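Asks: What follows is each chain in one-letter form.
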Amino acid sequence: MNVAVRNTAAKPDVAALKAQAAKLRGKIIEMSHKAQAAHLASSLSCADAMTAAYWHVLNIDPKNPTDPQRDRFILSKGHAAAALFATLAMKGYFPIEELDTYCQDGGRLAEHPPANLLPGVEAATGSLGHGLPLGCGMALAGRIKGENFRVFALLSDGENNEGSVWEAAMFAAAQKLENVCVVVDYNKWQATARSNETLMLAPLRDKWAAFGWDAHEIDGHDVGALAEAMQNIPNGSGKPVALIAHTVKGKGVSFMEDDNNWHYRAPTAEEVVKSFKELGLS
Amino acid sequence: MRNAFADELTKLGNDDPRVVMLSGDIGNRLFDKFKDKHPSRFFNCGVAEANMMGVAAGMAMNGLRPVAYTITPFVTTRCLEQIRTDVCYHEAPVTIVAVGAGLAYSGLGPTHHACEDISFLRSIPNMVVICPGDAFEVRGALRAAMQQDRPVYIRMGKKGEPVVHKGPITDFKIGKAITIEEGSDVCLLSTGNMLPEAIEAAHKLKEKGISAEVVSFHTVKPLDEDKLKQAFSRFKLVATIEEHSLIGGFGAAVSEWLVDSETHAKKFLRFGTPDAFFKKSGEQEYAREVLGLTGHQIADKIIHALS
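Residue numbers (my numbering), protein chains in the order written: chain A, 1 to 282; chain B, 1 to 307.
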């Protein structure tokens with residue numbers, strides 16, 4: 001596949017994307033249970049954005065993960081690594097069985113994405129506020145080298161606490177990086193408290209717009225809308241694009257939704273069964 | 001040193017389309033030639049060093065050779081995590097160039113002093129730390145850095161320092177110290193902008209009948225172990241000289257090497273800045289005098305140690 005050729009006209013197959021998102025959630029829940037690892041709810045809230053990106057938007061070839069022309073996707077909220085690992089394995093970047101090694105001794109799948117180790121991982125994240133500056137550098141490298149790839153960075157809402165995010169926001173606007181798209185997974189929680197009671201993010205769309213971005217609010221669980229908005233980058237505004245994606249932490253499993261205990265909790269075997277039932281998985 | 005840096009960078013930029021210059025809103029007019037020749041490869045990143053370092057890493061991870069430049073504390077401690085995580089963890093070939101090492105900007109006060117950066121940066125895996133001793137070493141270091149496939153930190157003075165070398169150093173090698181003057185009694189290992197003080201110390205020692213070897217130990221990491229072995233076996237006294245804290249700097253690195261290599265030091269002195277902020281106003285020469293870091297003070301202490 002020549003990733004430089006983009007089919008911007010293709011309409012997303014919403015039913016297929018929804019089914020894929022459910023499968024992705026199931027895989028994430030399995031991994032969290034097996035490893036008894038944290039950040040399950042953070043991984044579930046961005047599962048639809050990940051699905052839209054990897055199953056509709058990104059020009060990527062898992063068989064050629066270092067293709068210079070590929071679109072870059074940076075999981076800036078690196079604590080949702082389970083979502084990224086599951087996605088990459090399901091896309092064929094590495095064997096699906098390797099997901100069983102998540103958080104196990106000696107493996108490649110630590111609790112945050114590694115550097116220079118795992119195909120498909122564009123940047124080692126986990127310390128928040130790093131993904132967007134890196135993404136801006138990647139976008140400028142593309143501009144200098146005459147490559148027209150796009151850069152997507154998925155940020156958490158808590159991550160918007162970091163000053164480096166806003167440094168990068170101003171920089172991207174000044175450089176008119178119209179091929180850069182930020183998706184903010186706005187699930188209204190950070191690790192230990194409500195986001196807006198911690199540092200005032202609201203009005204978050206207005207903030208990004210005031211920083212020079214073409215900023216839009218979007219339903220972060222409407223996988224079709226996400227796919228269309230992300231596929232439309234660059235969108236002709238001449239500006240970098242921010243999609244403020246309203247989400248629910250723990251989305252997809254009723255007893256996890258909007259319950260911040262699931263930032264750290266991992267499910268029991270019984271809870272996995274219940275979750276799968278709700279997701280329509282067997 | 002900074003003029004040599006700007007000039008050498010422009011030349012490197014002419015030869016290599018991967019060279020990109022990132023400035024943290026300093027160097028007014030310093031980079032005019034680079035900007036004229038390569039407008040699409042110069043970025044004033046503003047007063048936003050964390051972003052600048054992340055941008056540099058992102059560029060380096062995608063085939064470019066960015067140089068990130070501003071005043072020492074701002075291009076090191078201010079964005080230390082970006083250096084550690086974005087640059088070093090990713091093994092991204094970013095060249096970080098700092099101006100105003102040590103007390104070069106003494107008059108600007110402790111916010112602009114930089115006596116801790118070697119310590120921070122040399123502890124980060126994958127990082128190379130170079131402290132050039134004069135303008136020709138800056139040119140050599142920059143050229144060598146751009147041929148590396150890894151992060152490099154170059155710690156410069158400011159401008160107008162005495163030029164020690166007679167011309168371009170064609171065989172500049174990272175990790176290979178340069179002997180400036182040969183001697184037989186004591187060995188002065190100097191790193192960075194203290195080189196002229198080390199030479200002055202050697203001349204004062206000579207007046208007292210003590211023959212001093214002067215070495216520009218420009219690379220603090222990796223250390224030139226051969227040179228260290230030689231120095232500690234041949235001389236009755238070895239001294240490290242740096243405009244940096246005695247905690248974690250060049251002298252500390254040599255001390256660690258001594259212990260780890262089980263090398264015997266007959267006499268070993270470390271000259272550097274104390275564990276204190278330098279709060280008095282005054283220029284670099286004044287600060288050095290107060291801290292006992294001038295050539296004649298170094299010579300006096302060595303004479304005392306030998307007596």
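Rather than coming from a laboratory, the hints here were simulated on the basis of the structure. Quick caveat, the model's predicted, so the values are computed rather than measured. The beta carbon of each residue, even a glycine, is placed where N, CA and C say it ideally should be. Check each hint, because a few of them may be wrong.
Label pairs and their calculated CB-CB ranges [as the list claims (entries may be wrong)]:
1. B:Pro125 / A:Lys176: 48 to 56 Å
2. B:Ser255 / A:Lys176: 44 to 52 Å
3. A:Leu199 / B:Asn28: 34 to 42 Å
4. B:Ser255 / A:Thr198: 39 to 47 Å
5. B:Glu81 / A:Thr198: 17 to 25 Å
6. A:Leu199 / B:Gly292: 41 to 49 Å
7. A:Ala202 / B:Lys176: 37 to 45 Å
8. A:Ala209 / B:Gly167: 50 to 58 Å
9. B:Ser255 / A:Asp258: 52 to 60 Å
Asks: If a hint holds in the structure, say so; if it doesn't, say that too.
Replies: Do the hints match the structure? See the list:
1. Taking the beta carbon of each, Pro125 (chain B) and Lys176 (chain A) are about 36 Å apart, not inside 48 to 56 Å as hinted.
2. The hinted range of 44 to 52 Å is satisfied by Ser255 (chain B) and Lys176 (chain A), whose Cβ atoms lie roughly 51 Å apart.
3. Range check, Leu199 (chain A) to Asn28 (chain B): about 35 Å between beta-carbon atoms, so the 34 to 42 Å window is met.
4. In this structure the supplied range 39 to 47 Å holds for Ser255 (chain B) paired with Thr198 (chain A), their Cβ-Cβ distance being about 45 Å.
5. Taken as a hint, the range 17 to 25 Å holds for the pair Glu81 (chain B) and Thr198 (chain A), whose Cβ atoms sit roughly 21 Å apart.
6. For Leu199 (chain A) and Gly292 (chain B), the hinted distance range of 41 to 49 Å is satisfied, since their beta carbons lie about 47 Å from each other.
7. At roughly 57 Å, the beta carbons of Ala202 (chain A) and Lys176 (chain B) sit outside the given window of 37 to 45 Å.
8. The hinted range of 50 to 58 Å is satisfied by Ala209 (chain A) and Gly167 (chain B), whose Cβ atoms lie roughly 56 Å apart.
9. Look at Ser255 (chain B) against Asp258 (chain A): about 56 Å separates their beta carbons, and that is inside 52 to 60 Å.
In terms of the numbered hints stated before, the structure departs from hints 1, 7, listed from lowest to highest.
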